[in-house]
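Enquirer: Read off the chains here:
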Amino acid sequence: MDNKSAILIVEDSKINRIILVKMFSEKYNVLQAENGEEALNIIHNNKDISCILLDLIMPVMDGFEVLSNIKNDFAYSNIPVIVITTDNDSESEIKVLDYGADDFCLKPFKAEIVSLKVKNLVDKFELEKKYASRFDSLTGLFNADSFYAATEKLLNDNPSVNYTIIMTNIEKFKLVNELFDTATGDAILIKIANIIKNKVSKVGTYARLESDHFAMCIPTSNLDIDVIQKQAGFLTSEMDINYAIQLSYGIFIIDNKNLSITQMCDRAKMALNAAKGNYVTSYAFYDDEVRKNLLVEQELNQYMNQAIEEDQFEIYFQPVYSLSKGKMISAEALVRWNHPTKGFISPGLFIPLFERNGFITKLDFYVWDKVCRQIKEWESRFEYNVPISINISRIDMYNPGMVNYIVSLIDKYDIEPRFLKLEVTESAYTENPEKLIEIIKYLQNEGFIVLMDDFGSGYSSLNMLKDLPVDVLKIDLKFLFDLSNNNRAANILTSIVRMAKWLKMAVIVEGVEFENQLEFLRSIGCDEIQGYYFDRPLSKNIFESRLLDPYAKYSTDKRELHDDLEFEDFLQDKEMFLRLINNNVGGFGIFEYNPQNKHLKVVKVNDKYYSIFDVDPYTMFETNSNTLNLFSKRDRNSIIECCERTIKTHNREMVIAFIEKENGEKIYSSISVQYVYATYNNYIISVTINDISNVRNHDADFDEDCDLFKTLFFNKCIVAFDLDVLNDVLKLFIRDAEMNYSKITIDTSESEEIGNSIIDSKNYEIIKKIIDCIIEENSSDIVTKEINISYNNRECVPTKCSLFPLKNDEGFVYKVYGAIDDI
Amino acid sequence: MNTVFVKLKEIGSDVDGALARFMGDEELYIECLESFTEDENIPKLERLIRTTEYQEMFNCAHTIKGVAANLGLTSLFNTTCILVEELRNSSYDNIETDFEAMSNEFNIFVSIMHN
Chain L
783 MDNKSAILIV
793 EDSKINRIIL
803 VKMFSEKYNV
813 LQAENGEEAL
823 NIIHNNKDIS
833 CILLDLIMPV
843 MDGFEVLSNI
853 KNDFAYSNIP
863 VIVITTDNDS
873 ESEIKVLDYG
883 ADDFCLKPFK
893 AEIVSLKVKN
903 LVDKFELEKK
913 YASRFDSLTG
923 LFNADSFYAA
933 TEKLLNDNPS
943 VNYTIIMTNI
953 EKFKLVNELF
963 DTATGDAILI
973 KIANIIKNKV
983 SKVGTYARLE
993 SDHFAMCIPT
1003 SNLDIDVIQK
1013 QAGFLTSEMD
1023 INYAIQLSYG
1033 IFIIDNKNLS
1043 ITQMCDRAKM
1053 ALNAAKGNYV
1063 TSYAFYDDEV
1073 RKNLLVEQEL
1083 NQYMNQAIEE
1093 DQFEIYFQPV
1103 YSLSKGKMIS
1113 AEALVRWNHP
1123 TKGFISPGLF
1133 IPLFERNGFI
1143 TKLDFYVWDK
1153 VCRQIKEWES
1163 RFEYNVPISI
1173 NISRIDMYNP
1183 GMVNYIVSLI
1193 DKYDIEPRFL
1203 KLEVTESAYT
1213 ENPEKLIEII
1223 KYLQNEGFIV
1233 LMDDFGSGYS
1243 SLNMLKDLPV
1253 DVLKIDLKFL
1263 FDLSNNNRAA
1273 NILTSIVRMA
1283 KWLKMAVIVE
1293 GVEFENQLEF
1303 LRSIGCDEIQ
1313 GYYFDRPLSK
1323 NIFESRLLDP
1333 YAKYSTDKRE
1343 LHDDLEFEDF
1353 LQDKEMFLRL
1363 INNNVGGFGI
1373 FEYNPQNKHL
1383 KVVKVNDKYY
1393 SIFDVDPYTM
1403 FETNSNTLNL
1413 FSKRDRNSII
1423 ECCERTIKTH
1433 NREMVIAFIE
1443 KENGEKIYSS
1453 ISVQYVYATY
1463 NNYIISVTIN
1473 DISNVRNHDA
1483 DFDEDCDLFK
1493 TLFFNKCIVA
1503 FDLDVLNDVL
1513 KLFIRDAEMN
1523 YSKITIDTSE
1533 SEEIGNSIID
1543 SKNYEIIKKI
1553 IDCIIEENSS
1563 DIVTKEINIS
1573 YNNRECVPTK
1583 CSLFPLKNDE
1593 GFVYKVYGAI
1603 DDI
Chain C
30 MNTVFVKLKE
40 IGSDVDGALA
50 RFMGDEELYI
60 ECLESFTEDE
70 NIPKLERLIR
80 TTEYQEMFNC
90 AHTIKGVAAN
100 LGLTSLFNTT
110 CILVEELRNS
120 SYDNIETDFE
130 AMSNEFNIFV
140 SIMHN
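Taken in order, these protein sequences are the chains called L and C. Residue numbering for the first sequence follows the working numbering, starting at 783 and increasing by one per position. Residue numbering for the second sequence follows the working numbering, starting at 30 and increasing by one per position.
Derived from the structure by calculation, the hints contain no laboratory data. Hints may be right or wrong, so weigh each one.
Said to hold, decoys possible - Straight-line Cα separation of at most 27 Å, DSS-like style, residue types lysine-lysine; simulated pairs:
{"#": "1", "chain 1": "C", "residue 1": "LYS36", "chain 2": "L", "residue 2": "LYS804"}
{"#": "2", "chain 1": "L", "residue 1": "LYS892", "chain 2": "L", "residue 2": "LYS935"}
{"#": "3", "chain 1": "L", "residue 1": "LYS1567", "chain 2": "C", "residue 2": "LYS38"}
{"#": "4", "chain 1": "L", "residue 1": "LYS935", "chain 2": "L", "residue 2": "LYS899"}
{"#": "5", "chain 1": "C", "residue 1": "LYS38", "chain 2": "L", "residue 2": "LYS1550"}
{"#": "6", "chain 1": "L", "residue 1": "LYS979", "chain 2": "L", "residue 2": "LYS1039"}
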């Protein structure tokens, strides 16, 4: 085909046609049609007509009809049309132009004019076509084909220069088009194109390949990563859109000039794929790593089916331990690929690949079947059995048969649903929330327990927790990095654990490796732990030894974890709090004790508390107010000591102290404190304060009798007594039903009756004998004896009597304290 | 063939203009002229002129007009123009007479060509 442009002459008169053909046949390839119908036929069957000369008055189909046909057909409407006519009135002119003609010519033809008009139109038309085939219409950059050609020429013309190919594209450009609109999206593309053009046009080639993919070829010496990184930032600010455009770059430094340009671009593209989705660095170099990974992936692709048939996938089990129980309570099933020649292939490598190519479902189904079979086998072999959890990939969610398959496994192996726990990932929620909720609800209905794996690692919002009815949250500690340096992370974790409890969700923390992590987790109320600190994922055989002996081999304190849930309920539900607390005798409150500055800060108190202290709630809750300030100075230390004691022992500890009111009045109080739980930087303790001034009023001298009081309160005893050996004075403090204490002083040398009214004579004799013994032997050992006493007009009750002798400086027993406890 | 050109010029034809259109190709010009003598539009018009098929008449006359113009046949062109305008404007009173005039010019042209 010669490279003359083609024009079409549509004219019914032969002579006119002859003239026109004569006029143009030298320069152009002239096609002819006698009427409109023929003309349209020719147009439809010829690709490259560059101009049409159209007579108006014709039989069969007149010029207007032809014109209208051409101009309304998208495929041909841009072909220029010159209308030829004998009518030279403006009415015709208007009509002709209105129909879309590009120009018109009068008969008789002025050869030169017609000729020039045709030439201009043909040239313009052809230039446009050429432009369109070389350039991308939106951005004006080269298109793919011309880029490859231009780049090849660039490389050939400069054999000594080292070049780099860069592929770039916008992260999630589809989202941009949706968030804004295609017009904004296009504007962004044009902007990027201009930046690229400005930076590259003098040194290399550049193109827009398709949608949001751009390519560049520049000398390696011009490669400036910083500039690349900064570009996206300029974009957003210049365009005044509230969205950070993120560009990703794949960079291939050309080391092999024998590759075709397309091959080089492919490598840059591979690097780009490696860079995508990584918000930390937005670029990646093509290197052996990238290629290696690609080759490996291709290999894995080949082997995966065979791997299933040959049982190369093995199941490993990682135990989950309960701190409170000190033993393994469940385990997570994890798949391992043990290839006969390649050895163990990392799940980090094959799982994402299988998720991409869809093989994951086949693998998961295979794994789940294997796990269920194993559960059944262990059921018959071991006495102690734990539930095993399996992972459901987000890809599996798309498989309509997945749920039924899981249920069918339960039937097939005849195991209880609660023994097969199901772990789903957060990313499944972000992709398709409704589907996930539906699936979880169905499975729970069937009796399964559902866990949310890797909670917190994805992009889900609080909505997810609100909507997703999971039973257990699994938190991976690694996302918190190094706890010991990261206060904020620790606080976040504490809050999550607390929140999970409020939501009635259990929490498993995985990824626990070190003891300090364990201690911290314990202190914030975590019970279930999975991690290398206890066990890495174990092969079936080693795991079986855990089933034989599930107790944790590491130091775990078998002390029961305080269930702080009740107190949390108090803090949440004001009504319940008040109802429960106000029924308590005395003032009751929840406090925060800070061991660093030894401050006691009130969190929540009951009404009685205010009246004891005679302060209003506002003063009480003033931010920095330290409750200790409400007590007499001399007592503050002992209260602090008491707090620290309870924190250490987790037992109730008591102290007696004076509350000092603003007006100077002192209130004699017993203060009992109880450790509740630890947060990261302080402790929560509950405090009960009883005003015991009424007891105080029994002529008791504080200094002398305070030890007795302490004994009473410490040990919750019924009777406490203090025998002054030298003076023969016995002081008794007896508790009555209303928690009041009465004091009796007896001269032992004189009477035994009063003693008898408290203790029956037989027992009294026993006690007396013991005391005499103590005095005689001058022993300072503590003696305890079980005796029956009646007190407060009750029947005889068994009690334990404890005697504590005290020696003075000279080494003689001078006092014996006694306490009688109700047992 | 110069005589044809001379004779055509004598009756007022724009031979030079037409030749220019033919890119100076005299042979081709003569060929077309000869071809035109057998143009069927004239007899067709003759048949139609006594009918009321004005649109057909118009088309024929219009075509003749165009060719005549391109061939430089001025006098034929002029007479045809009159007919064409009349038909265009639907004033049919004088069409027969004007056709006669046109036909006359055509015959003159034919006789030149055939000699």
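Enquirer: List in ascending order the numbers of the hints, as given earlier, that are violated by the structure.
Expert: Violated hints: 2, 3, 4, 5; rest satisfied.
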